[in-house]
Amino acid sequence: MKNLIYIIFGTVFGIVLTKAEVVSWFRIQSMFQFAELHMYLVISSAVVVGAITMQLVQRMKLQSIDGKELTIKGKPFHKGFIIGGVIFGFGWAITGACPGPIFAQIGAGELPAVFTLAGALVGAFLYHSVKEKLPH
Amino acid sequence: MNFFFEPWNWYIAGPLIGLFVPALLIVTNKMLGISSSFEHICMIVLPKDRQGIFKFNMQENGWKLYFSIGIAVGAFIVANFLSSVPLQFLPDQYHTTEGYIKLFCGGILVGFGTRYANGCTSGHSIFGLSILQSSSLKATISFFAGGLLYTFLASLF
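For the protein sequence lines, the chains are S and B, in the order given. Final position of the first sequence in our numbering is 136; the numbers increase by one with none missing. Final position of the second sequence in our numbering is 157; the numbers increase by one with none missing.
Since the hints were derived computationally from the structure, they do not count as laboratory data. Fair warning: there could be bad hints in the mix.
[Said to hold, decoys possible] Simulated crosslink set (DSS-like; lysine-lysine; CA at most 30 Å straight-line): (1) S:K68 with B:K48; (2) S:K61 with B:K48; (3) S:K79 with S:K2; (4) B:K138 with B:K55; (5) S:K133 with S:K79; (6) S:K79 with B:K138; (7) B:K102 with S:K2; (8) B:K102 with S:K61; (9) B:K138 with S:K133; (10) S:K75 with S:K61; (11) S:K75 with B:K55; (12) S:K79 with S:K68; (13) S:K131 with S:K73; (14) B:K55 with S:K2; (15) B:K102 with S:K68; (16) S:K133 with B:K55; (17) S:K73 with B:K55; (18) S:K73 with S:K133; (19) B:K138 with S:K73; (20) S:K131 with S:K79; (21) S:K73 with S:K2; (22) S:K61 with S:K2; (23) S:K61 with S:K131; (24) B:K102 with S:K79; (25) S:K61 with S:K133; (26) B:K55 with S:K79; (27) S:K131 with B:K55; (28) B:K48 with S:K131; (29) B:K138 with S:K75; (30) S:K2 with B:K138; (31) S:K68 with B:K55; (32) S:K75 with B:K48; (33) B:K102 with S:K73; (34) S:K131 with S:K75.
[Stated by the list, open to error] Stretch-level coverage of chain S by chain B, calculated; a stretch enters the list once three of its residues show a Cβ under 8 Å from a Cβ in chain B: (35) 6–17; (36) 38–48; (37) 71–79; (38) 84–92; (39) 110–120.
Note that this is a predicted model, so its numbers are computed, not measured. Ideal Cβ positions, reconstructed from N, Cα and C, are used throughout, including at glycine.
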């Protein structure tokens, strides 16, 4: 049951995402239409808190609770960050869901999001089928 | 306690989301991220001889599927026990056959785009920006550029 901890973390994360309504197509629309600041404020306050606490964690050289060095691995930039990023942005605006919220929408009973998930699986498969031919 | 039954303000939800970055790292030694779970599900669904293309790192990313299942559980709890009104997250037009097709096509872009960009809103925009990673900033700007461009184009038609 070593995976139970991830289910628990995910459950709390899902509660927060859902209570914040960042899993709502309506909120995503309002964000991209600049009709309200909610999403921008949620994301930016999350980053500010994440950045400050991570600075503290790193400067205090904290270890994980099992006494190991923390694994913080960077993601080296390639062209896909831009091209794939824009493609994902289109999908985000269309579906009203980024990957986490797809699972949240399904859990909240918005069953059409099953089609979003099915599409995302096909999309991930397509990417890996053609990645050798894509600029990186 | 109305707090538990009303939607949460950004200044409650945002900082809580931010705290997941250090909390997850210290408790489980994992970096917040979700979109690799798509590959994991593909691995489960596909026959063995098609799995090689993913080069899926189970050690690093295997936990994300359980995290994603948890997200669905959390949303279920909110929708059924922690909301004073029925929640609607998708508009009526997505509860039609045409809507299903649109969600499926949009989903393809989400899956393709996040894997090509090596991360999504959680891995880049929350975790990546929290560790002040410049590649994640470029990815995040691209996410928003794409979303804004689509929304602009959609408003023309």
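(request) Given the hint that K131 of chain S pairs with K55 of chain B, test it: the Cα-Cα distance must not exceed 30 Å. (result) Cα-Cα ~12 Å, so holds.
(message) What's the verdict on K131 of chain S and K79 of chain S, does the C-alpha distance respect the 30 Å limit or exceed it?
(response) holds, 12 Å
(message) Does K79 of chain S sit within 30 Å of K102 of chain B, going by the straight-line distance between their CA atoms?
(response) holds, 27 Å
(message) Cut-off 8 Å, C-beta pairs, minimum 3 residues; does the coverage of the segment 71–79 of chain S by chain B stand?
(response) Answer holds; 8 residues pass the 8 Å Cβ test.
(request) Would you check the hint for K55 of chain B and K2 of chain S, treating anything up to 30 Å between C-alpha atoms as holding? (result) holds, 23 Å
(request) For the pair supplied as a hint, K138 of chain B and K133 of chain S, confirm whether the alpha-carbon distance does not exceed 30 Å. (result) holds, 22 Å
(request) Establish whether the coverage given for the segment 84–92 of chain S by chain B is satisfied; the threshold is a Cβ-Cβ distance below 8 Å, and no fewer than three residues must meet it. (result) holds (count 9)
(request) Below or equal to 30 Å on CA atoms is what counts here, so check K79 of chain S against K138 of chain B. (result) With Cα atoms ~10 Å apart, K79 of chain S and K138 of chain B stay inside 30 Å; holds.
(message) So if I understand the rule, the pair passes when the alpha-carbon distance is 30 Å or less; does K68 of chain S with K48 of chain B pass?
(response) Not OK: K68 of chain S and K48 of chain B at ~34 Å, beyond 30 Å, violated.
(message) Would the hint linking K102 of chain B and K68 of chain S be met if the CA-CA limit is 30 Å?
(response) Roughly 45 Å separates the two Cα atoms, so the pair is violated.
(message) So if I understand the rule, the pair passes when the alpha-carbon distance is 30 Å or less; does K102 of chain B with K73 of chain S pass?
(response) violated, 36 Å
(message) Need the status of pair K48 of chain B, K131 of chain S: alpha-carbon distance at most 30 Å?
(response) Distance ~20 Å between K48 of chain B and K131 of chain S Cα, so the pair holds.
Taken one by one, the earlier hints fail for this structure at numbers 1, 2, 3, 7, 8, 12, 15, 23, 25, 30, 33, listed in ascending order.
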